[in-house]
Amino acid sequence: SQKIEQNSEALNIQEGKTATLTCNYTNYSPAYLQWYRQDPGRGPVFLLLIRENEKEKRKERLKVTFDTTLKQSLFHITASQPADSATYLCALHTVKAAGNKLTFGGGTRVLVKP
Amino acid sequence: EPEVTQTPSHQVTQMGQEVILRCVPISNHLYFYWYRQILGQKVEFLVSFYNNEISEKSEIFDDQFSVERPDGSNFTLKIRSTKLEDSAMYFCASSERAPLGYTFGSGTRLTVV
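First to last, the sequence lines map onto chains A and B.
Sequential numbering of the first sequence, starting at 41, is according to the working numbering.
Sequential numbering of the second sequence, starting at 6, is according to the working numbering.
Extracted from the complex, chain B is given alone in its bound form:
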């Protein structure tokens, strides 16, 4: 069964530091997404990415956030200057076509101290 792979599984960072979360989507999928889940809260949409550009983003996805697909396999989320409230589980997902079910990775637990 193809998987979405996320690294690292855990990341602890100092407030104000930059972090890059990495994802390898399923190889034949065309749509890529980032979601986050603060402990005990709902899974929240951050951004969708298709054809090498952002197709939609949420209000959470402000100028501190950016996404990139630097090569044919990786998909990254960068947070430029982390805040305490950025502490959450970040999930990458991909789908073959837009309305089909998404395949999520196991997540990166980000802790900002």
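Chain A with its partners taken away, still in its complex shape:
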């Protein structure tokens, strides 16, 4: 069966350090992988998209890698700040002739301590 796995344990990290989150998937051949941020009671907010033929993408303090051989993506927040505290969601985008959909992992909660 298809699975998207993110570490369900919260990641506690000191301000200024780099947070690294993992997303592993099985039985998918995603064309794209996306990362979102979700705050409590709010909708997900899009952060980054990486294509299957891209190895790495950066946006400000965020970096995403995508290894289709390992079926894994890593999400890094460098120089973390308390305002980065949220749940981060990995999502796979599959495209078929009939349509497209984005499937989310369960998310990893990040808590950045001052």
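Hints were generated in silico from the structure; no laboratory data involved.
For every residue, glycine included, the Cβ atom is placed at its ideal position computed from N, Cα and C.
Among these hints, one or two may not hold up.
To be verified - Here are the computed lysine-lysine pairs in the BS3-like style, where the Cα-Cα straight-line distance is at most 30 Å:
(1) K153/A - K47/B
(2) K103/A - K43/A
(3) K99/A - K47/B
(4) K47/B - K111/A
(5) K103/A - K47/B
As the list claims (entries may be wrong) - Take a look, some chain B residues computed to stay more than 10 Å from chain A by CB distance:
(6) E23
(7) E49
(8) S71
(9) R74
Please build the complex by placing chain B on the supplied structure of chain A, with the hints as guidance.
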């Protein structure tokens, strides 16, 4: 910054009643979606909509659910006969093109009693 607007923010309904959740996607977006999130669980895909028809739907999206784009701006999700297990946060999203990042609304919290 353009937004996806959802109304109402909260809805309490009796089991068996019909509810309509409303969404105004971003105006130049072509793809529309509904997702739901049961408290403490993952964001689950319900349905995608493009060119005035459903392009994909999940197993959750059974005959009790329907979507409509009644005019050029609104996108609605109807649940015909609500069940207790339909209680969740429902998110509408839109995207300009299919693989681009989605813009989500703030959600409608549906409580079925």
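- Query: Is the Cα-Cα distance between K99/A and K47/B 30 Å or less?
  - Reply: With a Cα-Cα distance of about 25 Å, the restraint between K99/A and K47/B holds, given a limit of 30 Å.
- CA of K47/B to CA of K111/A, is that 30 Å or under? holds (20 Å)
- Query: When you look at the beta carbon of R74/B, is every beta carbon of chain A farther off than 10 Å?
  - Reply: holds (15 Å)
- Task: Classify the label on E23/B as holds or violated, using whether its beta-carbon is more than 10 Å from each beta-carbon of chain A.
- Result: Since the minimum Cβ distance to chain A is about 24 Å, E23/B lies beyond 10 Å and the statement holds.
- Item | Distance rule for E49/B, whose beta carbon must clear each one in chain A by more than 10 Å | violated (8 Å)
- Query: Going straight from one Cα to the other, do K103/A and K43/A come out at no more than 30 Å?
  - Reply: Holds, because 23 Å separates the two Cα atoms, which is no more than 30 Å.
- Message: For a C-alpha distance cap of 30 Å, please report whether K103/A and K47/B respect it.
- Response: At roughly 23 Å apart (the allowed maximum being 30 Å), K47/B and K103/A satisfy the hint.
- Take a quick look at whether K153/A and K47/B sit within 30 Å of each other, Cα to Cα. Holds, because 25 Å separates the two Cα atoms, which is no more than 30 Å.
- Least C-beta distance from S71/B to chain A larger than 10 Å: holds (17 Å)
Of the numbered hints listed earlier, the single one contradicted by the structure is hint 7.
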